[in-house]
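A.B. asks: Here is what each chain is made of, one letter per residue.
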Amino acid sequence: MGLWEAAGMPPPFKGKEHDSGGRFMPVQALIDSARVSFSANHLVRIASQKTSTDDTKQSLWIVFTELLNNCYDHAQKNLGLYGLACAQSWPKANWAQVAIIDSGEGIRETLMGNPGLHSRLREDNACSIATEYGTTGKPLGHSGYGLNLARRLMELNGGNIIVISDHEAFSSSKGQVVVESIGTRWRGTIVVLEWPIRAKLDVGAVYAEWPPIDG
Amino acid sequence: VKNVTEISMRTFHPLATRENGRKARARILEKLGQADVVELDFSGEVITPSFADECLGVVVISLGADQFEQRVHLKNLRNQDRVLLEHVVARAQKEKEIRVA
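As given, the protein sequences belong to chains A and B, one line each in that order.
Per my numbering, residue 879 is the first one in the first sequence, and the count goes up by one each step.
Per my numbering, residue 8 is the first one in the second sequence, and the count goes up by one each step.
Bear in mind the hints are in silico, worked out from the structure with no lab data behind them.
Some clues are possibly wrong.
In silico DMTMM-like pairs for lysine to aspartate or glutamate, Cα to Cα no more than 25 angstroms straight-line [stated by the list, open to error]: (1) K101/B with D1092/A; (2) K103/B with D932/A; (3) K9/B with E26/B; (4) K101/B with D951/A; (5) K30/B with D951/A.
Assemble the whole structure, with the sequences as input and the hints as a guide.
C.D. replies: Dropping the structure here:
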């Protein structure tokens, strides 16, 4: 999948390269925030079908764009590499998978920017908190919709989401939520989405279930 | 007679990033300084929550929800985006109240 090359590193071994045939997107480096929409479009092409509805493609574009925006918002800018993204689909098996990885400060560190979350962060898994509606490290000006949107779009359509940041992991699959500590640390954030490629996705269904604002 | 001006949001395509949201917001606030009502035409556009937050959310914080409703008219929105924007406007008004308090 070109992981090492995308990260600007020599590969430790020479793998056999396959023609993607439109079924996978090798790992792409995220180096230019102006190309968020372009990268999201590329992911949508791999992770949808010609027969997918406009609503499905637009819903995927919105979710990918939000996650890619997070990469640029939270990355360590001095690295010059904001993150990595790749996608695969298996049309016969009715399945698609996208992974978006950032080189940022990590979810726990980001959420510590919000004093209202400090007590919960002492008790709970930060990756799990980050997938809840309205969770943000910047309580004034940022609403924290992106990861919740991704989670609920997957959950409502028979998909899975995995979020890993530093030593914490969260996953939701087939109605089962798992939070755990893991031994292998990644200082930034890894988000993996998987779903039936023939599912009709609609972000409107997620927006409609967000709680009404009091006042 | 109200002075009405229109902005084609296609100018800021794609309505995806906070950066584009900031550019669109600056244009909207500039036009609000010149006209009574600004109509935003979203024909053919898809809006992300980040764009909505950075663009219209901050306009609401600046104007207040009542003034926003009277002076900023949204047209040719997809149904999903209308639900999103209603949510963003309500949340921004709440944030404005918190900032004032």
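A.B. asks: Each of the hints needs a verdict: does it hold here or not?
C.D. replies: These are the hints, each one checked on the structure:
1. K101/B with D1092/A: Holds. K101/B to D1092/A sits at ~8 angstroms (cutoff 25 angstroms).
2. K103/B with D932/A: 35 angstroms, violated
3. K9/B with E26/B: 31 angstroms, violated
4. K101/B with D951/A: With a Cα-Cα distance of about 24 angstroms, the restraint between K101/B and D951/A holds, given a limit of 25 angstroms.
5. K30/B with D951/A: Within the cut-off at roughly 17 angstroms; holds.
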